[in-house]
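> Sequence lines, in order, name chains A and B.
Count the first sequence with the numbering used here and you get residues 3 to 212, in order.
Count the second sequence with the numbering used here and you get residues 3 to 212, in order.
The set of hints was computed from the structure by calculation and includes no laboratory data.
Ideal Cβ placement from N, Cα and C applies to all residues, glycine included.
Be a bit skeptical, because a hint or two may be false.
Chain B is faced by these chain A residues, among others (derived, beta-carbon under 10 angstroms) [to be verified]: (1) Leu102; (2) Gln146; (3) Ala148; (4) Thr149; (5) Val175; (6) Thr185; (7) Leu192; (8) Gly202.
Below, simulated SDA-like cross-link-like pairs (lysine to any residue); rule was C-alpha separation at most 25 angstroms, straight line [said to hold, decoys possible]: (9) B:Lys181 to A:Leu102; (10) A:Lys181 to B:Ala106; (11) A:Lys181 to B:Leu209; (12) B:Lys181 to A:Asp101; (13) A:Lys165 to A:Gly200; (14) A:Lys165 to B:Lys181; (15) B:Lys165 to A:Leu209; (16) A:Lys181 to B:Leu98; (17) A:Lys165 to B:Ala106; (18) B:Lys181 to A:Val107; (19) B:Lys181 to A:Trp73.
There are 2 protein chains.
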Amino acid sequence: MVKIAIIGAGNVGAALGTGWAKAGHEVAYAVRNPQKPEVLAAVARGGDRASAANIADAVAGAAVVVLATPWNVAQAAIQSAGNLDSKILLDCTNPLAPDLSGLAVGLTTSAGEMVAAWAPSARVVKIFNTTGYNNMEDPDYNGQAATMFYCGDDADAKETAGKLAADLGFDPVDAGPLKLARTLEPLAMLWISMAFGGYGRDIAFKLLLR
Amino acid sequence: MVKIAIIGAGNVGAALGTGWAKAGHEVAYAVRNPQKPEVLAAVARGGDRASAANIADAVAGAAVVVLATPWNVAQAAIQSAGNLDSKILLDCTNPLAPDLSGLAVGLTTSAGEMVAAWAPSARVVKIFNTTGYNNMEDPDYNGQAATMFYCGDDADAKETAGKLAADLGFDPVDAGPLKLARTLEPLAMLWISMAFGGYGRDIAFKLLLR
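With the rest of the complex left out, here is chain A:
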């Protein structure tokens, strides 16, 4: 059982939290207003193992912190989180340009690397950014588990992240060091472009092995 704080209770945060609560983990939504209707709804979906608190309180009690906010508030959320020393920080963000036409950062850096710079004492893993919340709720594709790619520089943190992805039903795949966020964030852009470009949300990436 892992104690998890999820910063943000939007579609992605709620999908992750609901799945982990059902899998037996203890989930606290870390939000500015724990009484907001969407937060209460996420807590209700999670049952006995889900709760909500302000960001610093929820984070203080957690071993794993999940950053599931829009990109434009990610830095402020980290600043509100308090002490992140040695905590595992799962970065689910995508640095979408304001008009959603592309990414705002990339090539020579990534949101994942920026998050790591903003939270230098945390162990950052980039994960849960390359697919939609619908796939986080159900990653099964006709008997095949969708792949969840992740990357980071801390082996133990990556192992925990991979297990948390498997708990949701994903096939977890370690893509390498955190720098690979420079490829996983464009992969998210590919998913978004295709999902909203005619394919719909029921698409997912799979890594095939021979």
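Chain A is already provided as a structure; the job is to place chain B on it using the hints.
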């Protein structure tokens, strides 16, 4: 039957040409020196339907031109190709940084878009860049066809490109307009990083549909 000129007879060019010659297409390797041993070997692998000529001659007789060179000679190759009016130009390049540590261009443009600017009268499709030559030789993964993502702004050119991918055994997937090369080139970097980061070359991406 499509007349195809392949600029470059390296691993990627030879894998594509051999597969297409076997599928019944007419393949001409477009190279600076048609007598070079690797070119003669590629021609021999292709059998009766494969030949080699200098770049301009091979391109002149083709409806489809395939750019399968290293990135640092791609612009010069296009300049040597002669008249590309209305030809379909399949861009297989990846703009790898000289030390292979990442991509040299991206985020706000892509190799695909740069190739289109260098060959403004051609109909450019980005394709055959997101996987290794071994998968081009055999895209079958235990009964599942690896996906070949492609993108471009000309519907007819994309249809031809998709058919040529299917002729090799791939599951062709249209990712959208040429701008999506900004995501397909990082996807290549993900494949390269994983293949040389411990997974080996027998990995491939698949788009799952529910």
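> Each of the hints needs a verdict: does it hold here or not?
We went through each hint and held it up to the structure:
no., hint, in the structure
1, Leu102, "violated (13 angstroms)"
2, Gln146, "holds (6 angstroms)"
3, Ala148, "holds (6 angstroms)"
4, Thr149, "holds (9 angstroms)"
5, Val175, "holds (8 angstroms)"
6, Thr185, "holds (4 angstroms)"
7, Leu192, "holds (4 angstroms)"
8, Gly202, "holds (9 angstroms)"
9, B:Lys181 to A:Leu102, "holds (13 angstroms)"
10, A:Lys181 to B:Ala106, "holds (15 angstroms)"
11, A:Lys181 to B:Leu209, "holds (24 angstroms)"
12, B:Lys181 to A:Asp101, "holds (15 angstroms)"
13, A:Lys165 to A:Gly200, "violated (32 angstroms)"
14, A:Lys165 to B:Lys181, "violated (35 angstroms)"
15, B:Lys165 to A:Leu209, "holds (23 angstroms)"
16, A:Lys181 to B:Leu98, "holds (15 angstroms)"
17, A:Lys165 to B:Ala106, "violated (34 angstroms)"
18, B:Lys181 to A:Val107, "holds (16 angstroms)"
19, B:Lys181 to A:Trp73, "holds (22 angstroms)"
The earlier numbered hints that this structure contradicts are 1, 13, 14 and 17.
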